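Undergrad: If you read the sequences in order, they're chains G and S. Residue numbering for the first sequence follows my numbering, beginning at 77 and increasing consecutively. Residue numbering for the second sequence follows my numbering, beginning at 77 and increasing consecutively.
Just so you know, these hints were derived from the structure itself, not from any lab. Fair warning: this is a prediction, and the values are worked out from it, not measured in the lab. Do not rely on the hints blindly, as some may be mistaken.
[Unchecked claim] In the DSBU-like style, the derived pairs of lysine-lysine whose C-alpha atoms are separated by at most 30 Å in a straight line are:
(1) K185/G with K134/G
(2) K134/G with K185/S
(3) K158/G with K87/S
(4) K87/S with K87/G
(5) K185/G with K87/G
(6) K87/G with K169/S
(7) K134/S with K158/G
(8) K158/S with K185/G
(9) K134/S with K158/S
(10) K185/G with K134/S
[Said to hold, decoys possible] Listed next, with one range per pair, are the computed distances between beta-carbon atoms:
(11) L124/S with L124/G: 44 to 54 Å
(12) D173/G with T148/S: 16 to 26 Å
(13) E129/G with D149/S: 41 to 51 Å
[Unchecked claim] Now the stretches of chain G that chain S is said to cover, found in silico as 3 or more residues with beta-carbon under 8 Å:
(14) 91-101
(15) 109-117
(16) 140-153
(17) 180-186
(18) 192-201
Heads up, the beta-carbon is just placed ideally off N, CA and C, and yes, glycines get one too.
There are 2 protein chains.
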Amino acid sequence: MQWCDNDYFQKVGEDFVQWYYNQFDNTNRMELVNLYAEGATLTWEGTLFSGREAIAGKLTGMPFQQIKHIITDHDIQPTFDKSILVMVFGQLKADNDLPLAFHQVFMLKPLNGNWVCTNDVFRLGLHNIPVESQ
Amino acid sequence: MQWCDNDYFQKVGEDFVQWYYNQFDNTNRMELVNLYAEGATLTWEGTLFSGREAIAGKLTGMPFQQIKHIITDHDIQPTFDKSILVMVFGQLKADNDLPLAFHQVFMLKPLNGNWVCTNDVFRLGLHNIPVESQ
Numbered sequence: 077m078q079w080c081d082n083d084y085f086q087k088v089g090e091d092f093v094q095w096y097y098n099q100f101d102n103t104n105r106m107e108l109v110n111l112y113a114e115g116a117t118l119t120w121e122g123t124l125f126s127g128r129e130a131i132a133g134k135l136t137g138m139p140f141q142q143i144k145h146i147i148t149d150h151d152i153q154p155t156f157d158k159s160i161l162v163m164v165f166g167q168l169k170a171d172n173d174l175p176l177a178f179h180q181v182f183m184l185k186p187l188n189g190n191w192v193c194t195n196d197v198f199r200l201g202l203h204n205i206p207v208e209s210q
Numbered sequence: 077m078q079w080c081d082n083d084y085f086q087k088v089g090e091d092f093v094q095w096y097y098n099q100f101d102n103t104n105r106m107e108l109v110n111l112y113a114e115g116a117t118l119t120w121e122g123t124l125f126s127g128r129e130a131i132a133g134k135l136t137g138m139p140f141q142q143i144k145h146i147i148t149d150h151d152i153q154p155t156f157d158k159s160i161l162v163m164v165f166g167q168l169k170a171d172n173d174l175p176l177a178f179h180q181v182f183m184l185k186p187l188n189g190n191w192v193c194t195n196d197v198f199r200l201g202l203h204n205i206p207v208e209s210q
């Protein structure tokens, strides 16, 4: 498949989403770090983590024992630079906490024959409930 | 300011957010189209609009008379390709409807001396309310 083929970047994005959250929930989160580029940037709930080492520290230092992500939907677009923009939204449940809405954006880029994540922005939905709906 | 200066891309992103939603709410939405690159992509609630003409049709064809966006927060990151990734979340109120949460992602790229939007993904938060919280 070629880059300009809509199916191609959709498939890369969908495979990434499936792999990422399966890895996050079911295996060693340390392995997630391998998919980030060396100079990648993660913004987690408004806090910036620059570089793979800082991202590794954040991902593996989270305090819960168990987590499960349920993906509601995702949007996938190609960019002008032949990267892929992925926006995911869904719900997560950590340990015995109530489920929380979240949304997360990834930028995937082909580097040295592999797709790597260069940008990751994560936010919980709990900041974003309209006052009149609460 | 240089590209590598954190303040620079933060300022470009913040200026864009302020300008975009002010323009959306208070002036002719048709003018928004000028900030999109010719081959830009918009995904609006899961539906893809490719190119400036399609985006213009979507933005100006929305059925409400009045709209107001209230921005809760935004996250801004530089990308490897010297573009800027902006994730915005907040609430919007159209006409007399109840306010709704939304989140929106923009990719901004410098083209011919101007910052233009190459990617835009918009989602309302109403799909994403955890069942146990409803």
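Undergrad: It remains to establish, for every hint, whether it holds in the given structure.
TA: Do the hints match the structure? See the list:
| no. | hint | in the structure |
| --- | --- | --- |
| 1 | K185/G with K134/G | holds, 22 Å |
| 2 | K134/G with K185/S | holds, 29 Å |
| 3 | K158/G with K87/S | holds, 25 Å |
| 4 | K87/S with K87/G | violated, 34 Å |
| 5 | K185/G with K87/G | holds, 14 Å |
| 6 | K87/G with K169/S | violated, 35 Å |
| 7 | K134/S with K158/G | holds, 25 Å |
| 8 | K158/S with K185/G | holds, 13 Å |
| 9 | K134/S with K158/S | holds, 28 Å |
| 10 | K185/G with K134/S | holds, 29 Å |
| 11 | L124/S with L124/G: 44 to 54 Å | violated, 30 Å |
| 12 | D173/G with T148/S: 16 to 26 Å | holds, 21 Å |
| 13 | E129/G with D149/S: 41 to 51 Å | violated, 26 Å |
| 14 | 91-101 | violated (count 0) |
| 15 | 109-117 | holds (count 3) |
| 16 | 140-153 | holds (count 4) |
| 17 | 180-186 | holds (count 3) |
| 18 | 192-201 | holds (count 5) |
The structure is inconsistent with the numbered hints 4, 6, 11, 13, 14, although it conforms to all the rest.
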